[in-house]
Every structure is written in structure tokens, then in C-alpha cells.
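*Asks:* Chains A and B supply the protein sequences, listed in that same order. Using numbering that gives the first Met the number 0, you'd call the opening residue of the first sequence number 0 and step up by one each time. Using numbering that gives the first Met the number 0, you'd call the opening residue of the second sequence number 0 and step up by one each time.
If you're looking for bench data, these hints aren't it; they were derived computationally from the structure. For every residue, glycine included, the Cβ atom is placed at its ideal position computed from N, Cα and C. Certain hints may be false.
[Said to hold, decoys possible] Residues of chain B clear of chain A, computed beta-carbon distances all greater than 10 angstroms:
no.	residue
1	80
2	87
3	102
4	188
[To be verified] Calculated lysine to any residue pairs in the SDA-like style (CA-CA distance at most 25 angstroms, straight line):
no.	chain 1	residue 1	chain 2	residue 2
5	B	175	B	157
6	B	124	A	15
7	A	62	A	86
8	B	124	A	165
9	A	167	A	37
10	A	62	A	182
11	B	124	A	20
12	B	124	A	22
13	B	124	A	118
14	B	124	A	23
15	B	124	A	129
16	B	124	B	134
17	B	124	A	25
18	B	124	A	163
19	A	167	B	62
20	B	124	A	21
21	B	124	B	175
22	A	62	A	177
23	B	124	A	30
24	A	62	A	133
25	A	62	A	118
26	B	124	A	62
27	B	124	A	18
28	A	62	A	25
29	A	167	B	115
30	A	167	A	89
31	A	167	A	15
32	B	124	A	137
33	B	124	B	70
34	B	124	B	104
35	B	124	A	35
36	A	167	A	56
37	B	124	A	133
Here's the letter readout for the chains.
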Amino acid sequence: MKGWWRWALPLAAVPALALLYWGLGQDQRRLPSALEGREAPAFRLANLYNPGDSVSLSDFDGKVVVLNYWASWCIPCIAEHPVLVRLREMYDPEEVALIGVLFQDTPENGMRFIEELGGEWPLVTDPGSRTAIEYGVYGVPETYFIGADGVVALRHDLAVTWDLVERKVDSLLVARRTGGRTGGAGS
Amino acid sequence: MRPALRRPVLAWRRVAFAAALLSVTGVALGAAPAAAQTVDGALDGIERPAAPGDPVRSAEIDQRTAEIGATLRCPICRQQSVSESSSRIAREMQDVIRTMLAEGRTPEEIEAYFVEAYGPWILLKPRAEGMNLFVYAGPGLAFLLGGFLVARRIRRGRSLDDEERDAATPPDHLRKADRSWLEAAIKES
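Using the sequences and the hints, build the whole thing.
*Replies:* Following this line, the structure appears as C-alpha cells:
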């Protein structure tokens, strides 16, 4: 028994130390999304330019959807905007939809931002951040990659890069063409 | 011996009585906010059900919003609850809670709604399930293990003391031999 105890205590400390090492290596600012691998919440939101018109997620059924939460006061949103413009130029709107949701900002500021930086995709407002809360948004920019089957494949909580967008959208397009199911993937 | 045996029974009766008294008081206190859901018809003394927008109902919803918000983590501040935080997202989350309460949703349903959107991280007090059980049971288990090890160490120390004491006293068989040798020597003399 004596020998057993001598080994048991240090051995018990090994997983605890490994857990501590793993925990310290994690970026505490980045949080997992509860939505990945689940169906994207439905929404119907007013058009930024014409509040009388609405845009809903179901309008894009059967398409890969890139849902981007943004704001004019958000500096990383300025940095990622060219990537979104390129996404819109490179992919067929019949296959890939890009929707911008203005987050905690005035429509006037949002419109001014788009006038300056450009952007030809549906832009909507989200009064009271109801949809943002339903999506579990922490802040902007946040981008959700939704498969053609309506399942959230990825939530990215920083400015998107072209590499990420291309890789993710391409894989979702392959799943769309082959009829494969969208699975959640960590950011 | 009998009186000594009856004392715990009496004590238990007192405890039971006190518990009953507390529960009755609790029910009475708990009923008070429920009664406040209806607005007293002021001078005519007739009670009417609370209508949407009644100040009493709003105050009650605000209080319940604050209670539920206190259990949820602010996504921006993270170390503060939704009720404590002055960030915009926290205020918007409070509005969602308020709306859901007005719709008749229970606190559990509201909590589940936020957990579904943000994951269990949004709860300031983690649920006692899965890996979280280690967090709840860990300190208790560590305390028990530590107590066991300390007790074992003390017992081991005592047995070592006994061994040392035994080693200091002359063994019995030598004393017996000495005694028999001495007895034989006396007889011979």
C-alpha cells in the first residue's frame, strides 16, 4: 500500500496540471458559439435603406448564407469590409447570400459607412439587438456561416480574412452540391 | 436513562415546530408579492386583475427582471451580471427578459433561452452537471482526501512512537532468562 500511495498522489496531480496548462493556453477572449451545428434562428428584419421592406433568412433557403453583424463605429469592421466586398464579387448570389446586420448603430451612420466603403448586399437593422441576442452575439464584427440546409457551420468573432471566407464558403458549397449535412466547426 | 433519551425527541419536535413556523411565515411572505400582482381598486376596495402597463405590474416585472438578470453574465463585461452592467447589450438583454416575463414565460424558460443562444457560459452560476461537477465536488473531495492523509499520517506517527518505545524496553524473553538464571543461582547457593 505504501508504494501505491507514493505513486498515486503525483499521478493524480498530472491531469490537474495538464488541465491547468491547457486552460492557460486558451484565449479567454474567444468564446465558443452555442449555435454551431444547430439550425440558424429565423429572422425578419427591416431593410436599412427601405424600412418598409424586410429581409428574412427564409428568403435565402437552399443557399449558403454569410450573416455578418457589423457597425460603423467598429474598427475591425472597416478592416474586414474589403473581404466582404470580394466575397460578393467572387461568388454567385444564386449560390451564396451575404446579409449584413447593423448592430447597435443608427441607420444614418450605417448608410454613411456603406456609401464610403461600398457594398451591394442586403443590409438590415436589428432594433433592440433581438436577433443578435438570439444568435448569441457578443460584439462586432461577428460572422455566421450557414449551410444550405440552414445549419450554422461556424461563428467567427473577429474580422474575417479572405482565407477563412474562401475555405468555409467553398466547403459549404461542396456540401450544398453533394447534399451533405452541415456540421459545426470551431472557430 | 429515559430522560436522556427523550431529550433528542423533544429537540426534534422543537426543530419540526420551528420549521413549520418558518414555512408558514415563508408562505405568507411569498404570497405577498403574488397578491401585489392585482391592483387594489383604491377607494372602492374592489380588486381587479392587473392590466398591461399598470405601474404595480411594471414594478414587479422590473424586480423579476433584475432577479433573472442577476443570474446571467453580461457578454461584454463578463465579470458583471446583466443586472449590474450598464452596457448596451446588457440593457437590451434586460428588455428581452422583461418582454418574455410579460408574455408569461417562466424564469427557467428565460434562462434556457439565453443558454440556447450563448451556451452555459452565460450563467453566472454554472449548472451542477457534466464537467462542472468537478468544480462543485472538487473542494469537498480534496478536503476528504486531505483529512484522510493527515489522519493516516498521525496514525502512522503514533505506531512509529510505539515501535520506538518497544525498542527501548528490554524484551520479555531476556528478562525471563535472566530471572530463571537468577532463580537457579539462588537455589544453588
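*Asks:* Which earlier hints turn out false for this structure, listed by number in ascending order?
*Replies:* 2, 5, 8, 13, 18, 19, 21, 26, 28 and 31
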